[in-house]
Amino acid sequence: DTEVTQTPKHLVMGMTNKKSLKCEQHMGHRAMYWYKQKAKKPPELMFVYSYEKLSINESVPSRFSPECPNSSLLNLHLHALQPEDSALYLCASSHLTSGRGNEQFFGPGTRLTVL
Amino acid sequence: DAKTTQPNSMESNEEEPVHLPCNHSTISGTDYIHWYRQLPSQGPEYVIHGLTSNVNNRMASLAIAEDRKSSTLILHRATLRDAAVYYCILRDLPTSGTYKYIFGTGTRLKVLA
Numbered sequence: 001d002t003e004v005t006q007t008p009k010h011l012v013m014g015m016t017n018k019k020s021l022k023c024e025q026h027m028g029h030r031a032m033y034w035y036k037q038k039a040k041k042p043p044e045l046m047f048v049y050s051y052e053k054l055s056i057n058e059s060v061p062s063r064f065s066p067e068c069p070n071s072s073l074l075n076l077h078l079h080a081l082q083p084e085d086s087a088l089y090l091c092a093s094s095h096l097t098s099g100r101g102n103e104q105f106f107g108p109g110t111r112l113t114v115l
Numbered sequence: 001d002a003k004t005t006q007p008n009s010m011e012s013n014e015e016e017p018v019h020l021p022c023n024h025s026t027i028s029g030t031d032y033i034h035w036y037r038q039l040p041s042q043g044p045e046y047v048i049h050g051l052t053s054n055v056n057n058r059m060a061s062l063a064i065a066e067d068r069k070s071s072t073l074i075l076h077r078a079t080l081r082d083a084a085v086y087y088c089i090l091r092d093l094p095t096s097g098t099y100k101y102i103f104g105t106g107t108r109l110k111v112l113a
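If you read the protein sequences in the order shown, they are chains Y and A. Counting from 1, one number per residue, gives the positions in the first sequence under the numbering used here. Counting from 1, one number per residue, gives the positions in the second sequence under the numbering used here.
Same shape as in the complex, but just chain Y (with noise of 0.2 Å):
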């Protein structure tokens, strides 16, 4: 299984909401990532996970708040989001051995619109 799934696949909120995104991989990786995409911009990393624990924050609001519950698991916890965080979220994952090159594998993202 050399997939990873996101959901949901579309999501619309509220700026009062909270929601969440899941990712999900049982590829054995032990590195996982999420990244932000405006529309025809390139992904921008937010966060990535080592083992389970944050070892990277790319200065993201509070507002976004990551877990990594287990080794094959990644939420995004969002709560009053603001209009301008509307984007594509995509999540990835990738083994964590050094020397390699170590490909990331994405899934197909979740499209979030912040009403």
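Hint data in this document are derived by calculation from the structure and do not stem from the laboratory. Just so you know, nobody snuck in bad clues.
List time: in silico EDC-like cross-link candidates among lysine to aspartate or glutamate, alpha-carbon distance up to 20 Å:
#	chain 1	residue 1	chain 2	residue 2
1	Y	K41	Y	E58
2	Y	K40	A	E11
3	Y	K40	A	E45
Bear in mind that the values here come from a model prediction, so they are computed numbers and not experimental data.
Dock chain A against the given chain Y, drawing on the hints supplied.
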């Protein structure tokens, strides 16, 4: 973080080779060069990666300059299904000890029938 620069767009005729360039003049000795592509309404898809030597796989070839300050992704025979945004990415190892993948601006490849 080392950065990459790519042309915004390129065009190719179907069945012809395509050379997609990438500049990464501030690359460090341990940065791997990755290429991904993103088809419309999909997540990025791995294409190829390398460190110093040229690399070939079933999808493409990667030519890396001797000084590693630039690289070229080569699609040997472009098909309509290769129309996508191609990203040149450096895999960086910051002080946190966890790899970061730094996307370039991407090249939108249009393949003409």
